[in-house]
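**Q** Sequence:
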Amino acid sequence: MTSQKKNNFFHNITFCVWNIGGLISKHHDKITDPLFLQEIRNYDVVLLTETHVGYNTTVNIEGFNYYPICRPQSTNSRYYGGLGILVKYEVRKGIKILTNTCKDYQWLQFDKHYFNLNTDIFLCLAYIIPATSFYVDQSEDDTLENIEKDIIKFSQHGSIILCGDLNARTGSEPDFIINDVNDTHIPMYDNYSCDVIQEKRCSYDMKVDSRGKQLLDLCIASKLRILNGRMWGDSYGKYTCMKAVGSSVVDYVIVLEDLIADTLFFHVADFFINSVRLSL
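Each residue of the sequence shown is one higher than the last, beginning at 2 in our numbering.
Because the hints were derived from the structure by calculation, they are not lab data.
Fair warning: there could be bad hints in the mix.
Unchecked claim - In silico DSBU-like cross-links for lysine-lysine, where the CA-CA straight-line distance does not exceed 30 Å:
| hint | residue 1 | residue 2 |
| --- | --- | --- |
| 1 | K214 | K201 |
| 2 | K224 | K104 |
| 3 | K94 | K113 |
| 4 | K94 | K154 |
| 5 | K224 | K113 |
| 6 | K224 | K97 |
| 7 | K244 | K27 |
| 8 | K224 | K214 |
Said to hold, decoys possible - Label pairs and their computed distance ranges (CB to CB):
| hint | residue 1 | residue 2 | range |
| --- | --- | --- | --- |
| 9 | I98 | D263 | 19 to 25 Å |
| 10 | D30 | K97 | 26 to 32 Å |
| 11 | D259 | T33 | 39 to 45 Å |
| 12 | P131 | N77 | 16 to 22 Å |
| 13 | K208 | F266 | 23 to 29 Å |
| 14 | G55 | T33 | 34 to 40 Å |
Note that the coordinates shown come from a computational prediction; the quantities given were computed from them, not determined experimentally.
Here a beta-carbon is modelled for each residue, glycine too, at the ideal position from N, C-alpha and C.
My request is simple: use the sequences and hints to build the entire structure.
**A** The following block contains the structure:
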């Protein structure tokens, strides 16, 4: 690390977001799978969604601290959803796991001094159940609305990253205000900041659903930009979910607009045992 501080977060740390589709099952134990272990060792931080395990499951992976966020066991004695965070020993001192307020998402804080940045980075890892799920009707809270409230709070203290399986389909619709440029003929607030990013995203998945519209509104309001289909390494917007009923893009990495310039590479990996990995 150099003495000059920059918001080059993605130069100083490597991480991936991985919908693992179950960390441990009767047929496959990923924490002992050589291919899985080989892949995660390429990253400082590994962010897992849909772990499908409880707090009673022991996960020991050499070189990593493991932090689980688990849902209660269902009536059929199974676990659904769930998040897992793996942090390499070497960078653990620079990362704070913030107090959890919801089993659907978890915030991490990356210390600006440790990683030689201008500001702290606040990263939200989320798994939001599909809008069509029976369990959505059982909850009075809207997970994405709660995340947006947190974004408003944390953005006063640093830069924001939102990632994970959001079960939102955004197509290639803009996540910014089109033609939002400084125009002296249009009256604006003195502190108004125009959207700098005007490049349209690409996506194999052209469908936009209700949660996708909600996510796009969040991005516009918070000046967050979707990396899928926008960066070198995924310029076409590859599918992140493949099922018998069809394919879709529902897993994302979304960053504050100011971080785009320092993001050199974004990759949607080939499917690994019915799961997808996003990496930077």
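**Q** Hint compliance check: list the failing hint numbers for this structure, sorted ascending.
**A** Violated hint: only 14; rest satisfied.
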